[in-house]
Amino acid sequence: MRHQIGRDQTPAARSSLSLQTLAQLPRRTPATLGWLLLLGAGTAVVKGMLAEETSQRVLEAISTNPDNLARHPLLCLTASPFVAADGTWLDHLLVVGLGLTICLGLLEWRIGTVRALAAAVSGHLGATLLTAVVVVAAVDAGRYPAEVMHALDYGVSYASIAAIAAVTPLLPRRMRRWWVAAAVLYPLTLADWYGLLPDFTTVGHILSAAIGLVAGTAAVTLRRRGRRPAGTDPRGAASP
Numbered sequence: 221m222r223h224q225i226g227r228d229q230t231p232a233a234r235s236s237l238s239l240q241t242l243a244q245l246p247r248r249t250p251a252t253l254g255w256l257l258l259l260g261a262g263t264a265v266v267k268g269m270l271a272e273e274t275s276q277r278v279l280e281a282i283s284t285n286p287d288n289l290a291r292h293p294l295l296c297l298t299a300s301p302f303v304a305a306d307g308t309w310l311d312h313l314l315v316v317g318l319g320l321t322i323c324l325g326l327l328e329w330r331i332g333t334v335r336a337l338a339a340a341v342s343g344h345l346g347a348t349l350l351t352a353v354v355v356v357a358a359v360d361a362g363r364y365p366a367e368v369m370h371a372l373d374y375g376v377s378y379a380s381i382a383a384i385a386a387v388t389p390l391l392p393r394r395m396r397r398w399w400v401a402a403a404v405l406y407p408l409t410l411a412d413w414y415g416l417l418p419d420f421t422t423v424g425h426i427l428s429a430a431i432g433l434v435a436g437t438a439a440v441t442l443r444r445r446g447r448r449p450a451g452t453d454p455r456g457a458a459s460p
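FYI, the numbering for the sequence shown is 221 to 460, going by my numbering.
Hints are supplied without guarantee of correctness; some may be wrong.
[Said to hold, decoys possible] If you anchor each label on the Cβ, the simulated ranges turn out as follows: (1) Leu372 to Arg443: 34 to 42 Å; (2) Thr437 to Thr274: 38 to 46 Å; (3) Gly260 to Leu372: 17 to 25 Å; (4) His312 to Trp399: 15 to 23 Å; (5) Thr308 to Met395: 21 to 29 Å.
It should be emphasised that the hints constitute simulated quantities derived from the structure, not laboratory data.
The model shown is predicted, which means the values in this text are computed figures rather than measured ones.
Every residue, glycine too, gets a C-beta built ideally from N, C-alpha and C.
Please model the complete structure; the sequences and the hints are all you need to start from.
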């Protein structure tokens with residue numbers, strides 16, 4: 221019956237429904253909108269308003285490289301995802317458009333602000349810290365050059381890719397394996413290689429996808445369990 225009603229809706233009714241949905245965005249996705257505003261403001265100030273020398277110093281201070289993480293971890297971990305990294309229009313479309321706007325917004329709409337933020341932030345923090353461990357080990361082993369210990373590394377891409385992977389359980393089942401494969405493998409198409417080891421940014425993107433998938437699956441599962449009526453099993457049948 222719902223499908224029949226949807227087909228019979230007039231253009232005016234559909235337009236009204238779309239406007240109602242848009243009107244709910246600030247209430248249903250406050251974290252997504254807030255993150256986008258802070259990202260836009262941070263990028264505009266650091267890259268558009270500050271003098272070039274000052275801007276460079278700020279970027280060096282907020283970069284999440286092992287050197288900064290050892291000296292001022294709180295500053296770089298909290299500030300780095302609010303300044304967009306340089307990139308092509310396609311990079312920004314994928315990172316800001318698909319990941320931060322669409323996927324984080326969908327997560328927040330479907331499973332709530334706290335769970336959606338937990339998935340994205342855990343991807344950002346987890347991938348950053350694990351990548352730092354990889355960098356230190358790779359430099360010690362002679363795989364990475366020593367200068368990557370204090371390389372520029374800022375932006376929202378780890379959180380964005382975590383959000384992209386985290387929406388997987390919300391997608392139609394037939395799409396999920398392909399979606400995960402794209403989230404994990406796409407970064408490898410842009411990688412610089414040091415023998416068998418990709419560059420540290422690619423390592424971080426793969427780790428953030430893995431963390432986002434786990435966090436998103438856990439969040440969606442908890443959400444569904446919380447909405448299940450008492451006395452039912454996972455398939456909805458009454459328990460004996």
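Outcome of the hint check:
1. Leu372 to Arg443: 34 to 42 Å: 37 Å, holds
2. Thr437 to Thr274: 38 to 46 Å: Roughly 43 Å apart at Cβ, these two residues keep to the hinted range, so it holds.
3. Gly260 to Leu372: 17 to 25 Å: Given about 20 Å between the Cβ atoms, the range holds.
4. His312 to Trp399: 15 to 23 Å: 21 Å, holds
5. Thr308 to Met395: 21 to 29 Å: 26 Å, holds
Of the numbered hints stated above, none is contradicted by the structure.
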